[in-house]
Amino acid sequence: MTILNALGPLGVILLVFVGHRLPPDRIRKVNALWVTLVLLSSVIWSYPELLQGHWTLLLLLGTNLIATTSAWDSVWWGREHLNVKIVRYYVWWALFWAALITVAVADNLVLSWLAIEFSTLASGALIVEMGNRRALEAAWKYIVIASVGLFMAVIGVLFLYASLRFQHLGWYTLDYANIRSHASAINPIVKEIATILIVSGIGTKVGLVPFHTWLPDAHSEAPSPASGLLSGVLLGLCLVTVERYVGAAPVSHSTLVSGPHLLLVLGSLSVLVGTFALLAQKDVKRLLAYSSIEQMGITAIGFGINTPFTREAALLQLAFHAVIKSSLFYVGGHLSVAYGSTHLQRMTNMVGQHRRLAIVWTVGILALAGVPPLGLAYSEWMISLGLWQAHLWGVLVIVTGSLVLGFAALSYHLIRGMWGNQANRLKNEDVEQASMANALIAAGGKH
Amino acid sequence: MMSAALVVFVASVGLLVVRNVKSSILLLGTEGLALSYMVWMSGPITLDKVAIVLATLAIKAGIIPGVMYRLVQKWPIEYRQDGPLPAWTYVAGVALLLTVTHVIQLLTATGIILHRALFFYGLASIYLGLLQIISRRHVLSQVGALVAAENAFVILAASLVGNLPMFMEIGMLVDLLVAAIILVWMSRLVHGRFNTTDVNALRFLRR
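Chain order of the listed sequences is A and B.
Per the working numbering, numbering of the first sequence is gapless, rising by one per residue and ending at 497.
Per the working numbering, numbering of the second sequence is gapless, rising by one per residue and ending at 859.
For the record, the hints were derived by calculation from the structure and aren't laboratory data.
Treat the hints with care, as some may be off.
[As the list claims (entries may be wrong)] Covered stretches of chain B, as calculated for chain A (at least 3 residues, CB under 8 Å):
id : stretch
1  : 682-695
2  : 777-790
3  : 804-813
4  : 816-822
5  : 828-837
[Claimed, not checked] In silico DMTMM-like pairs for lysine to aspartate or glutamate, Cα to Cα no more than 25 Å straight-line:
id : chain 1 : residue 1 : chain 2 : residue 2
6  : A       : LYS135    : A       : ASP75
7  : A       : LYS332    : B       : ASP850
8  : A       : LYS191    : A       : ASP333
9  : B       : LYS701    : B       : ASP850
10 : B       : LYS674    : B       : GLU730
11 : A       : LYS191    : B       : ASP700
12 : A       : LYS79     : A       : GLU130
13 : B       : LYS726    : B       : GLU821
14 : B       : LYS701    : A       : ASP225
Note that CB positions come from ideal geometry on N, CA and C, so glycine has one too.
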């Protein structure tokens, strides 16, 4: 399985170098076929363990599934963005995929950290490949802010390693299993400091508020197939890494800085900020990015409640979110190209102009808004039930209130996009432009 | 070891204060040399250690300062100078150094610190590096700050655990190398597209 995991991204890099003289469209299709083959092989290979509900394998397969959809969307997206250099795009894409696979299967805290850091660099470079100023600015902020956050996390990792150095296990000291079995040997103060640093440090990569400032910029400026991976997979895997650590080194619940407490607080803040931001968005990809902040907040709360039921709910939430959000980013990217703009105000009358995209967009937005029987409705209900059972009334009010507001905001954007009258808006713009042109001509005449 | 750590600490202060980007790159190179010496002097010589020393020397004293220097050489003189340091930075710097002494007091009771002086140099240099990211506006100053903070991390690690596992050391070095190369590439693009090296100019997304 390890060989297969390594072969996937390596194959993409080799294919793109060997076939760089072929027509770009053919390279993209061959790559997409290769990634699909890797996905199918990993399903066949891990089938017996999958039936036993092995979560790490499910995470790996989820990662490969979204990578496959991203690779196929890259075929379509590549035709729309001929200026993007294909070799460099696929090299960064493959390295990003490799980093995601490593985060998914990592059983060691340092390995997780290294892979998350590498994912920042590879995805940051992918954003730069868009080749415009906005993308460059977004990538700069993303790499600098995420690196500072991850730097905080690695200090926490170091404190943890120092506490367990008496074992003389070297690299294996920070295996999650070893941390779990020797958690009681770690000094409580060190454990608290390490927890704060690791949760907030890796939480920066999850986009938890107040460490989220890079996320809307990076996710909205990235190539759409990469946005799908960033939002659908990377955020979730980083949150799973936080949960793996929090579960391995539990801090006494009597303190307010235990992992679950931090997840509840940061999750609630993320839900609030993400939801309110949904109401004010004017850009289609920023709308999706803020929705990711909200969704990660809900998932963090699910992990923060810290019961087996809500943990399962949070993992379900991650899985549904990965599929829905990545699809929406792909469709959002194509709609932006079709309308020549990312502004939601310009994306109107979808039903009349882009019926197929409109159908996928509608299903995706309704799923994101939590409309039953689509998946997120189920997992969000489970998390709300978990909050009720744990008597966390304040958080329950925040979550349910935000779900209602989020539904309202997404429905508003959906309805306006589906049936909003493009013709009238354009007519008004034409009148404005005509009157401005008349004014300029008049001014020129006077001189 | 202690003298090498002191060199890194002084260089971190220098990196924060110095406005000339070329001088700050030389300070980064000095940090790389001091770290290589420190790793070499820490305990018996093994094959792993030789590999780490060579990698540190090549990456931190050679490649990273080298690519930064090569880039800055191509820029006109007006782009080789950072802006003045805001007054609040000095106050924040002193406050951060006082915080380090408090952290040492807090952690001494836990018994995880092996060398208190090394710990001070390491954590203080990390804080100064992070302060540099916030206060300095030149793109290469920000790249240098990230590298300096990672250099300081090595000292912090030495003060807590002696040596890090080989895989972790090499992994972090490779990560740093890739990060520095990508950020230097992006610095070149920032200069080319925005016609400036000031990160304050990166305001397109706020409009």
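For each hint, the structure was consulted:
Counting residues of the stretch 682-695 of chain B whose CB falls under 8 Å from any CB of chain A gives 0; the rule of at least 3 is not met. With 3 residues bearing a CB less than 8 Å from a CB of chain A, the stretch 777-790 of chain B meets the requirement of three and the coverage assertion stands. Counting residues of the stretch 804-813 of chain B whose C-beta sits closer than 8 Å to any C-beta of chain A gives 5, which meets the bar of three, so the coverage hint holds. With 5 residues having a Cβ less than 8 Å from any Cβ of chain A, the stretch 816-822 of chain B passes the three-residue criterion, so the hint holds.
Residues of the stretch 828-837 of chain B lying with their CB closer than 8 Å to a CB of chain A number 5, which satisfies the three-residue condition for coverage. Among the hinted pairs, A/LYS135 with A/ASP75 is consistent with the structure: their alpha-carbon atoms are about 12 Å apart, no more than 25 Å. At most 25 Å may separate the alpha-carbon atoms for a hinted pair to count; A/LYS332 and B/ASP850 exceed this at roughly 28 Å. Pair hint A/LYS191 plus A/ASP333 holds up; C-alpha atoms about 19 Å apart against a cutoff of 25 Å.
The hinted pair formed by B/LYS701 and B/ASP850 fails the criterion: a straight-line CA distance of about 39 Å is larger than 25 Å. A C-alpha spacing of about 12 Å is found between B/LYS674 and B/GLU730, which places the hinted pair at or below 25 Å, so the restraint holds. Of the pairs offered as hints, the one joining A/LYS191 and B/ASP700 is violated, with about 36 Å between alpha carbons and a cut-off of 25 Å exceeded. Distance restraint check for A/LYS79 and A/GLU130: the Cα-Cα separation of roughly 15 Å lies within the 25 Å cut-off, and the hinted pair is therefore satisfied.
As the CA atoms of B/LYS726 and B/GLU821 are separated by approximately 33 Å, the hinted pair breaks the 25 Å bound. Distance restraint check for B/LYS701 and A/ASP225: the Cα-Cα separation of roughly 23 Å lies within the 25 Å cut-off, and the hinted pair is therefore satisfied.
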